[in-house]
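Peer 1: Chain by chain, the residues run as shown.
Protein chains: 2
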Amino acid sequence: MTLLDRPGVPGSAAARRGERTTAPRQDGVVLTAGVGALQLEAGGALPEVELSYETWGTLDADASNAVLIQHALTGDTHVAQGHGAEPGWWDALVGPGKPVDTEKYFVVAANMLGGCYGSTGPSSLDPEGVPWGSRFPFVTIRDSVRAEARLADRLGVRRWHAVLGGSMGGARALEWAAMYPDRVRHCVVVAIGGYSTAEQIALAQAQLLAIRQDPAYRGGDYYGGPEPVAGLGLARRIAHISYRSEAELNFRFGRRGQGAENPLEAPGGAAERGRYQVESYLDHQADKLVGRFDANSYVALTEALMSHDVGRGRGGMQRALAGARAEFFLASVNSDRLYFPEQSDELARALPGEVPVHSIDAKIGHDGFLTEIGQLGAELRRRVFTL
Amino acid sequence: MTLLDRPGVPGSAAARRGERTTAPRQDGVVLTAGVGALQLEAGGALPEVELSYETWGTLDADASNAVLIQHALTGDTHVAQGHGAEPGWWDALVGPGKPVDTEKYFVVAANMLGGCYGSTGPSSLDPEGVPWGSRFPFVTIRDSVRAEARLADRLGVRRWHAVLGGSMGGARALEWAAMYPDRVRHCVVVAIGGYSTAEQIALAQAQLLAIRQDPAYRGGDYYGGPEPVAGLGLARRIAHISYRSEAELNFRFGRRGQGAENPLEAPGGAAERGRYQVESYLDHQADKLVGRFDANSYVALTEALMSHDVGRGRGGMQRALAGARAEFFLASVNSDRLYFPEQSDELARALPGEVPVHSIDAKIGHDGFLTEIGQLGAELRRRVFTL
Chain A
1 MTLLDRPGVP GSAAARRGER TTAPRQDGVV LTAGVGALQL EAGGALPEVE LSYETWGTLD
61 ADASNAVLIQ HALTGDTHVA QGHGAEPGWW DALVGPGKPV DTEKYFVVAA NMLGGCYGST
121 GPSSLDPEGV PWGSRFPFVT IRDSVRAEAR LADRLGVRRW HAVLGGSMGG ARALEWAAMY
181 PDRVRHCVVV AIGGYSTAEQ IALAQAQLLA IRQDPAYRGG DYYGGPEPVA GLGLARRIAH
241 ISYRSEAELN FRFGRRGQGA ENPLEAPGGA AERGRYQVES YLDHQADKLV GRFDANSYVA
301 LTEALMSHDV GRGRGGMQRA LAGARAEFFL ASVNSDRLYF PEQSDELARA LPGEVPVHSI
361 DAKIGHDGFL TEIGQLGAEL RRRVFTL
Chain B
1 MTLLDRPGVP GSAAARRGER TTAPRQDGVV LTAGVGALQL EAGGALPEVE LSYETWGTLD
61 ADASNAVLIQ HALTGDTHVA QGHGAEPGWW DALVGPGKPV DTEKYFVVAA NMLGGCYGST
121 GPSSLDPEGV PWGSRFPFVT IRDSVRAEAR LADRLGVRRW HAVLGGSMGG ARALEWAAMY
181 PDRVRHCVVV AIGGYSTAEQ IALAQAQLLA IRQDPAYRGG DYYGGPEPVA GLGLARRIAH
241 ISYRSEAELN FRFGRRGQGA ENPLEAPGGA AERGRYQVES YLDHQADKLV GRFDANSYVA
301 LTEALMSHDV GRGRGGMQRA LAGARAEFFL ASVNSDRLYF PEQSDELARA LPGEVPVHSI
361 DAKIGHDGFL TEIGQLGAEL RRRVFTL
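Protein sequences appear in the order of chains A and B. Numbers 1 to 387, taken from full-length UniProt numbering, label the letters of the first sequence in order. Numbers 1 to 387, taken from full-length UniProt numbering, label the letters of the second sequence in order.
Just chain A, with the same shape it has in the complex:
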């Protein structure tokens, strides 16, 4: 398989431009694998799909120690530090001696279909060598999971010891359990319910419009020209507010002005006033994302997230999950106001058997699934990662 893999820069979009090589696999270094053509749930097809991924640790002889970790909307494959210096986004959970111990488990993290961290997405080249752009088809959570199942085949993983993820990563973990009941032993779903709600769809629509209304977006065909940075930045601001709690924002920023800027002084009109700290903070969040993420991928993955509904076409959530054979581990963040804890509770009730919902205690809001994931470590060791 190494003949088809490509090493790259850890956690970097440059990975997809890496050269094919036969170098040995290293922990936390991006590789890419072809998984073939994919017919898509909403119609259309992709002729040639590649998924980028990173791995940590070694698959054991009977391939029973493999763990799939699924990233969130703008996340990447670099879940743990590994070979390079760059920290991972779930370092508190994954690594040597950590609850998901990479000295015992073979950990895989794949970039989602449609993403911009190495997997086939709108910025990838089509068979004619032109970026997909506006022609990139509609991909759903289920499409991505089907591609990931082929990657698992390629990696020699018939059955995952565990599939886990938070936020949109949790949606993919849940779909794994529904689509491939024999291939998931433990399923860990953090900070998301069984479907995207009307409110989550509404907030997503606003983000999509922010990008699509940016004239630089050009319907998605902006490659080679100016990028829709204003639109993507606005989308990020809308999203980021929803990722944080009201208390968090108010405690950190209140009504203070940014540095020496005075929000209440603007003889020339409000457009010239100083910024509030919270505005400057959101400007910074927007700038950071714009520097690392492709607007078309933001659109594609947001559309996929809107499609999240494990019960769709399966007679509802309970029926969809009746055949799931995984042991489920659910968790929610108690201050989450985007994926309310009640939605995790509702999912738990739809699952076979008694499934408790663990609570992450955080003031920060939804992003507690990233910053406070360590709180689940002991329970995960006890129930899922017992090696």
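Hints listed in this document are in silico derivations from the structure and should not be mistaken for laboratory results. Take these hints with a grain of salt, some might be off.
The calculated DMTMM-like cross-link candidates involving lysine to aspartate or glutamate, where the alpha carbons are at most 25 angstroms apart (straight line), are [unchecked claim]:
hint, chain 1, residue 1, chain 2, residue 2
1, A, K104, A, D60
2, A, K288, A, E86
3, A, K288, A, E261
4, B, K104, B, D126
5, B, K363, B, D91
6, A, K363, A, E346
7, B, K363, A, D345
8, B, K363, A, E261
9, A, K363, B, E342
10, A, K363, B, D345
11, A, K288, A, E342
12, B, K104, B, D153
13, A, K104, A, D62
14, A, K288, A, E272
15, A, K363, B, E346
16, A, K104, A, D182
17, B, K363, A, D283
18, A, K363, A, E265
Guided by the hints, dock chain B onto chain A, whose structure is given.
Peer 2: This is chain B only, laid out in the frame that chain A set:
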């Protein structure tokens, strides 16, 4: 005074184009009064300010029965039905025989400074006859209240029996009590706290960017050309989500598609998929606002709302209100997730004496201050409107 008043169409922006007349005042018909030049809090000035307003009922001989009702962000002066057929936005509260009985009280509702329903705003003509546009200065809640105080002088109202408002109208009511302690007997503040919080500022910033990033906005100088309808529509969507509760949106719309539209079918790409019902609903909300509101006024009033902070420059909220002589009546909506009930509670604690916070029981969210205002009727009759 009638020599300076202008009748107009009830609740219509056309009011500001009305001719001067000596016609007698009629209930619920827009009039306009000049209130002179205004030096502004954030610097700058307006040379000649007009406020549009409507009235209901008759001012009694000792001018003791006057009530000022303050509208919210995109509200207008048409609080009650009156002479015309058009319903008012607080008809459940204001009218003949209603808690604010227009057969007993003289009710006034003024369009806020910066608005587009007849008061001086960005779409008004400057002294040279050119729309203000980008040159319209930064106006705050306090600036508007100072202009309203001059309107009260013009109307012969030395002291209001009550000043009341919800949302941004509540902010102006509160400022009245702080700025003119001798001129407010009862102050009714619904569904807003003593200041705009970091989160409210953050949500406002996103709305401002949605408009300002629309190329048709042209910095505010779009009059005579295409209007920034896409930007204003997006701002409205962002705002409207915050006005409604998650439960309301999910109960009404869930994940259903709009009519025959299928959100999961789009062989040509996600941009071509059918809409979810909640998307169609927000499209409709956006279209409605775009058809009745000026983008520059939306910006000006949003900026004013961000400035809301009764304690600013006055040693904090408690000190600012220590000298207030009004009897306060506070209320919050129990499902409000934009102006949380806790913020009304915090304001109550900052007020002199014991001030209870009445609770409007509504599933809808913030907009309950409009749809469920009737719930406060009995308490308002008991405590404020006792005639």
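Peer 1: Taking 25 angstroms as the top limit, are the C-alpha atoms of K104 (chain A) and D60 (chain A) close enough?
Peer 2: 9 angstroms, holds
Peer 1: Between the alpha carbons of K363 (chain A) and E346 (chain B), is the straight-line distance 25 angstroms or under?
Peer 2: At roughly 19 angstroms apart (the allowed maximum being 25 angstroms), E346 (chain B) and K363 (chain A) satisfy the hint.
Peer 1: Straight-line Cα separation of K104 (chain B) and D126 (chain B) no greater than 25 angstroms?
Peer 2: 39 angstroms, violated
Peer 1: Do the alpha carbons of K363 (chain A) and E342 (chain B) lie within 25 angstroms of each other, as the hint requires?
Peer 2: Holds, at roughly 16 angstroms.
Peer 1: When you check the alpha-carbon spacing of K104 (chain B) and D153 (chain B), does it fall within 25 angstroms?
Peer 2: 21 angstroms, holds
Peer 1: For the pair supplied as a hint, K363 (chain A) and D345 (chain B), is the alpha-carbon distance within the 25 angstroms limit?
Peer 2: Measuring from Cα to Cα gives roughly 20 angstroms; hence the hint holds.
Peer 1: Under the criterion that the straight-line Cα-Cα distance not exceed 25 angstroms, is the pair K288 (chain A), E86 (chain A) satisfied?
Peer 2: This hinted pair holds, its Cα atoms lying about 16 angstroms apart.
Peer 1: Do the alpha carbons of K363 (chain B) and D91 (chain B) lie within 25 angstroms of each other, as the hint requires?
Peer 2: 20 angstroms, holds
Peer 1: What's the verdict on K288 (chain A) and E272 (chain A), does the C-alpha distance respect the 25 angstroms limit or exceed it?
Peer 2: Holds. K288 (chain A) to E272 (chain A) sits at ~24 angstroms (cutoff 25 angstroms).
Peer 1: Are K104 (chain A) and D62 (chain A) close enough, with their CA atoms no more than 25 angstroms apart?
Peer 2: 13 angstroms, holds
Peer 1: Is K363 (chain B) within 25 angstroms of E261 (chain A), Cα to Cα?
Peer 2: 40 angstroms, violated
Peer 1: Is K363 (chain A) close enough to E346 (chain A), meaning Cα to Cα at most 25 angstroms?
Peer 2: It holds: about 22 angstroms lies between the C-alpha atoms, which stays within 25 angstroms.
Violated hints, listed in ascending order, are 4, 8, 11, 17 and 18; each of the other numbered hints is respected by the structure.
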